[in-house]
Structures are given as C-alpha cells and as structure tokens.
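*Asks:* The opening residue of the sequence shown carries number 0 in numbering that gives the first Met the number 0; numbering runs sequentially from there.
Treat the hints with caution; some may be incorrect.
To be verified - Taking lysine to any residue and the SDA-like style, the derived pairs with C-alpha atoms no more than 20 angstroms apart in a straight line are: (1) 121 to 98; (2) 171 to 159; (3) 121 to 141; (4) 171 to 107; (5) 121 to 171.
Note that these hints are calculated values from the structure, not bench results.
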Amino acid sequence: MQLHLPFPRRTARRRARRSRWFPLLLVALPITAWWGQRQFKLWTRSPDAIVVLGGDQEREAFAARMAQDHGDLPVWVSSGTNPEYAEWLFFEEAGLPRDRVNLDYRAVDTVTNFTTLVPDLKAEGIDKIYLVTSDNHMRRARLIGEIVLGSNDIAFEPVAVPSSLAPEPVNKAVRDGARALLWTLTGYSGADLADFKHANLYNFTSIIRARSRS
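Could you put together the complete structure from these sequences and hints?
*Replies:* Encoded structure:
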C-alpha cells in the first residue's frame, strides 16, 4: 500500500495564505461586534433627547412641535436662530419649560454642531438622540454623526425636515467626513481653517500638511 503525502511546498503556501488573513480577522471581529452593538441599540432603544442642527428656522419650528409630542425629552439647539427668536419659539409659542431646552451657540458649522455637544450628551448619560435637520442637509449630517457620535457610542435616529432645496453636493459630505475623522483622531475639527470651505477629498491632506508646516 502506497501513501500519498501532501507536498511540503503546497502545505506551506496554504499556511501562508491563512496567516495573511489572520490580521484582517483580528481587525474585522471587533469592528463587527461594535457595529452589531450599535445596530442593536439603534433598533431597541428609544432616543433620550432631540438635537436640532441650526441653519434654518424650519428646523427649529419642527423640533419645537416634535418636543411637544415627545413628553419630557430634553432639546438641544446647536447654533440656531438668535436667542430672542429661539426663546419665543420654544418657551412662548411651544410652551416648553426653560429647563428642557438648551440653546447652544458654540458651533460654527456642521462638524462642530456635533463635536461641541458630545461632552454634554455624554455628561447627561444620553446614548441615543433624534437628529433633526433639513432633508437636503441630512446626508452630510448623517455621515458626520456616524463618525463623531458613533465614536462616542451615541446612536441617532435621523428626522428630516422637508425643504424645497436640492441635496447638497457630495463633496461637502466628503470634506466634512474627513474633518470628523480628524476630530476623532486628534480632537481638532479644523473649524478655524478657512480653506476647509473649499476643500475636497483630493486637497484635504495637502491643506493639513501645509498648515502643520506653517
């Protein structure tokens, strides 16, 4: 009886292929677990707060009506209309108690709408929010939210306010998505760089390098 043993070279190649996949599995497993946890939280938990991104009066009016229908959920308005109008809208027109609405004016753009509120949301133990913004702005807001909020274990349920405006160009979402990633890595949002207003996927890195050398 003749035994057929595997060729050593073939066995070595198989082992090499398997070893190449091992580092990828080490990375993929925790990412998959994290994503599964986020999806579970998204579908099983109710939002703990309403966050409206400033930039349009209709967003705030929508959020005020929404707050009336959602019991005692706290509201955060990030750099919305002037305080006089916002106070009239939420406290007089909608009749919401003052301790329920937080008018925050630290943000200067969409990225900082998120980054400035993260410490407050975490301090209050909030791990899921209603995210209110215009429908044409939602793509960019969702991308930033996935990065900034997601990296802080805060889930969100998007609520789009109807508008007559066309969707924003994709390059704005890409640009601000890159800024959001920068913030998660360094704590720096790039909001003070005027060049970011015109940045896109291709020149984003060159802007960062140029500023770091200056």
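*Asks:* Hints the structure violates: just list their numbers, smallest first.
*Replies:* 5
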